[in-house]
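Participant: With chain A fixed as given, assemble chain B onto it according to the hints.
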Amino acid sequence: MRKEYGCVLDLTQISAFAGLRPVGSGRGLIVRERIGLALATVMVRKGRTAALAAAVKEQFDIALPAGPHGSGSDSTSFLGTGPGRWLVTHDARTPGFVDSLSRKLEGLASVVDQSDAYGVLRLSGPSILEVLAKGVAIDLSAPAFPAGSVAATVVAHIGVTLWKVDETPTIHVAVARSYAGSFLHWLETSAAIYGMIME
Amino acid sequence: MRIPCPFCGPRDITEFAYHGDATLTRPAPGDAAMHDYVYLRDNPTGVHREHWYHSAGCHAWLTVTRNVSTHEIVGAEMAHKEAS
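The listed protein sequences correspond, in order, to chains A and B.
Position one of the first sequence corresponds to residue 2 (this note's numbering), numbered consecutively onward.
Position one of the second sequence corresponds to residue 24 (this note's numbering), numbered consecutively onward.
The following block holds chain A by itself, in its conformation from the complex (with noise of 0.2 Å):
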């Protein structure tokens, strides 16, 4: 298709971690990237916690979490990010979820489209809390981060949403795409003694 005077007609989508390659012989960190994620902030009005939650329970079946904790499933799941503010990941891939989102929530928060500002990982495998130790100051085992824990830290510098989903354990992290590199670049790196392999 001709494109005139710089406009564009059709845009592609390119992957945050379309680098992501097999490192060292082991199987000791097993990667996917989560493509096509719809991902929101949604920051709560002014004294209007109890309306939002009432709203997220009618609309979606989701018991809005109050702390560092995650509820729903990978299909649509509200992560607790701080006060009042939630990342909200949706991967039923359903057109315009983050607009339908935001008019179900209508004066109760402020829903802002995050789909093309993070990169997510799904990592799982027998070394990857050994691996995450490498760059996360926070105890990421079982007892004291549970599955349906929520953290937003830092690993090398570099902001992380890492919230785990059971207890094998997987454990998902959210990177900000310009950054994914950079956090592709630590991943390698600490898990290169161990494996790290693609799903």
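Think of the hints as simulated: they come from the structure by calculation, not from any bench.
One thing to keep in mind: the hints can contain errors.
With a straight-line Cα cutoff of 30 Å, these simulated DSSO-like cross-link-like pairs (lysine-lysine) come out [to be verified]:
no., chain 1, residue 1, chain 2, residue 2
1, A, LYS58, A, LYS47
2, A, LYS47, B, LYS104
3, A, LYS58, B, LYS104
4, A, LYS47, A, LYS105
5, A, LYS105, B, LYS104
6, A, LYS105, A, LYS58
Facilitator: Positioned in the frame of chain A, the structure of chain B alone reads:
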């Protein structure tokens, strides 16, 4: 040094930014006390209350009680009432 963030739990000091004395109250605009509020600081020993911002975590403003002689963190609470 760790700060027990009321939202995130105990976190390393590198996740926080220091913002100074939390015991001051901003005077009315034009008040002669504004000069003292902006420029004059005590230099206390022992337990002090100060503002810290959890810049690499939950982005909440905290009021931290810290012993400035020993660096012991006595406690931390949300600076904003509604956030706690």
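Participant: Between the alpha carbons of LYS105 of chain A and LYS58 of chain A, is the straight-line distance 30 Å or under?
Facilitator: Given pair LYS105 of chain A, LYS58 of chain A holds - Cα atoms ~11 Å apart, limit 30 Å.
Participant: What's the verdict on LYS47 of chain A and LYS105 of chain A, does the C-alpha distance respect the 30 Å limit or exceed it?
Facilitator: Roughly 17 Å separates the two Cα atoms, so the pair holds.
Participant: Does LYS104 of chain B lie within 30 Å of LYS47 of chain A when you go C-alpha to C-alpha?
Facilitator: The hint holds at about 12 Å.
Participant: Is LYS105 of chain A within 30 Å of LYS104 of chain B, Cα to Cα?
Facilitator: Holds: LYS105 of chain A and LYS104 of chain B sit about 27 Å apart, inside 30 Å.
Participant: Checking one constraint from the list: CA of LYS58 of chain A to CA of LYS104 of chain B, max 30 Å. Satisfied?
Facilitator: Holds - the C-alpha atoms of LYS104 of chain B and LYS58 of chain A are around 25 Å apart, at most 30 Å.
Participant: Hinted pair, alpha-carbon criterion (30 Å max): LYS58 of chain A, LYS47 of chain A. Please report holds or violated.
Facilitator: Since the Cα atoms of LYS58 of chain A and LYS47 of chain A sit roughly 19 Å apart, the hinted pair holds (cutoff 30 Å).
In summary, the structure agrees with every hint in the numbered list given earlier.
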